[in-house]
Amino acid sequence: MPNTILHKAATRGHADHGWLESFQSFSFADYYNPERVQFGALRVLNDDRVDGGKGFGSHPHDNMEIISIPLEGGLVHQDNLGNTKVVSKGEIQVMSTGKGVFHSEYNNSPDQPAKFLQIWVFPNRLNVTPRYDQILRDPVREHNHLQQLISPSQQGEGTWIYQDAWFHIGHFDKDKHFSYDPKEKGNGVYLFVISGSFLVDGTQTLEARDGLGITGEAAINLTATTDGSELLVIEVPMNLKIQ
Amino acid sequence: MDIPTLNILAIGRDSAILEVVQRLINSHEHWVATIVTTDKAAIAAFTQQRHPIVFVCAGVTAEEEQALKERLLRLDPSVTVIRHFGGGSGLLENEVRAILDHKDIHIINA
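Keeping their order, the protein sequence lines are chains W and F.
Residues 1 to 243 (the numbering used here) make up the first sequence, in order.
Residues 1 to 110 (the numbering used here) make up the second sequence, in order.
Check each hint, because a few of them may be wrong.
Here are the simulated distance ranges between beta carbons [claimed, not checked]:
1. F:E63 x W:N80: 23 to 31 Å
2. W:H143 x F:A67: 46 to 54 Å
3. F:E29 x W:G53: 29 to 37 Å
4. W:K54 x F:S15: 26 to 34 Å
5. F:R74 x W:I5: 36 to 44 Å
6. F:N26 x W:A15: 17 to 25 Å
7. W:V140 x F:T38: 53 to 61 Å
8. W:P34 x F:D2: 19 to 27 Å
9. W:L20 x F:V32: 26 to 34 Å
10. W:K54 x F:D2: 36 to 44 Å
11. F:A41 x W:T203: 52 to 60 Å
Beyond 10 Å from chain F on every Cβ pair, some chain W residues (computed) [claimed, not checked]:
12. N108
13. S197
14. G202
15. I220
16. D227
Straight-line alpha carbon distances no greater than 20 Å define the calculated DMTMM-like cross-link-like pairs of lysine to aspartate or glutamate that follow [stated by the list, open to error]:
17. F:K103 x W:E35
18. W:K241 x F:E64
19. W:K241 x F:E65
20. W:K241 x F:E63
21. W:K99 x F:E65
Hints were generated in silico from the structure; no laboratory data involved.
All values derive from a computational prediction rather than experimental measurement.
Note that the Cβ used here is the ideal one computed from N, Cα and C, for glycine as well.
All chains should be built: construct the whole structure from the sequences, respecting the hints.
Laid out in structure tokens, this is it:
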């Protein structure tokens with residue numbers, strides 16, 4: 001029998017620092033809810049807005065797979081690996097922070113807000129050599145189709161991370177039916193609605209920025225209920241094994 | 001358990017990251033961090049002062065973590081030795097609060 005956990009958008013953590021507004025699906029920084037610490041290896045899903053000209057100064061990360069998905073505008077990323085990159089809407093950025101990396105990230109616009117999802121996944125290996133990657137999304141292949149962005153395989157579609165995790169994204173016409181089959185038995189699937197709305201397995205309605213974690217299901221059946229609805233699907237191990 | 005100050009020991013191999021972890025811990029009133037880069041220094045610091053929480057940070061392998069945990073638990077069975085993930089501020093406070101809740105530790109000045 002499948003188990004589900006629903007995170008309605010309005011029940012997320014919220015931090016407003018003026019220049020930074022963040023909605024947190026899981027406990028993060030000042031937001032601590034022992035009932036919402038993680039979904040398997042998925043530890044952070046922050047929905048952030050950064051004002052123009054603002055951002056995060058140099059700070060470290062280690063032993064975490066960090067995925068940024070810009071939804072509006074772009075961010076300038078600079079790190080001590082020698083990377084200076086702009087990641088904009090239509091792209092995604094992946095950092096395997098491993099044994100440690102320092103980076104800064106600022107809004108690339110002086111006056112327009114940048115909006116992005118920042119997602120942290122526990123790695124399956126400790127202290128790897130840090131790695132940075134950035135890929136273009138393909139809006140044509142994402143139309144009415146869950147397009148793979150991330151997998152554990154260096155030969156897979158999209159980019160890869162140090163975890164048995166898969167990320168897919170798609171935007172769908174109203175009434176489009178589709179399904180997601182978990183790649184590995186025992187993994188959980190976290191659905192996050194970026195925009196619009198979906199019906200899950202014919203019973204659960206998800207609106208924009210709602211999240212639904214599902215475990216123990218062989219196939220998840222979905223229907224877009226508004227035109228242009230966009231969905232992020234994150235499949236992760238539910239039991240952490242870190243070497 | 002009521003304590004006046006929460007002493008946290010952080011061990012890692014990357015001094016620059018540890019210094020950030022120390023600054024973040026010390027930014028909380030009544031939280032005091034000691035940072036070390038070797039297992040020997042960790043044992044010495046732990047022997048000198050009781051630390052209810054020991055964070056294992058970047059660069060320490062799983063095997064080193066396990067060996068250190070076993071040694072520290074022999075010195076104080078109530079210690080929580082746990083891996084700190086992320087390196088920065090995002091999860092640190094959460095990790096501490098989870099331990100304080102689980103162990104029913106209260107900082108009496110807070």
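Once the closest CB in chain F is found, is it more than 10 Å from S197 of chain W?
holds (30 Å)
Checking the smallest CB distance to chain F, is N108 of chain W really beyond 10 Å?
holds (21 Å)
Regarding P34 of chain W and D2 of chain F, is the given constraint of 19 to 27 Å on their beta-carbon distance met?
holds (21 Å)
Are H143 of chain W and A67 of chain F spaced within 46 to 54 Å by their CB atoms?
holds (53 Å)
Below or equal to 20 Å on CA atoms is what counts here, so check K241 of chain W against E63 of chain F.
holds (14 Å)
Given the hint of 29 to 37 Å, is the C-beta distance from E29 of chain F to G53 of chain W inside that range or not?
For E29 of chain F and G53 of chain W the Cβ distance comes to about 32 Å; the hint holds.
26 to 34 Å was suggested as the range; check whether the CB atoms of K54 of chain W and S15 of chain F agree with it.
holds (29 Å)
Can you confirm whether the C-alpha distance between K103 of chain F and E35 of chain W stays at or below 20 Å?
With a Cα-Cα distance of about 17 Å, the restraint between K103 of chain F and E35 of chain W holds, given a limit of 20 Å.
Just to be sure I understand the hint, the distance between the Cβ atoms of A41 of chain F and T203 of chain W should be within 52 to 60 Å; is that true here?
Because 56 Å falls inside the window, the suggested range holds.
Pair hint K241 of chain W and E65 of chain F, alpha-carbon separation not exceeding 20 Å:
Roughly 15 Å between the alpha carbons, so the hint for K241 of chain W and E65 of chain F holds.
Would the least Cβ to Cβ distance between D227 of chain W and chain F come out above 10 Å?
The claim stands: D227 of chain W keeps its Cβ more than 10 Å from every Cβ of chain F (closest is about 35 Å).
Would you mind confirming whether the straight-line C-alpha gap from K99 of chain W to E65 of chain F stays at or under 20 Å?
Given that 20 Å is the threshold and the Cα spacing comes to 15 Å, the pair holds.
Figure legend: structure checked against the earlier numbered hints; every hint is met.
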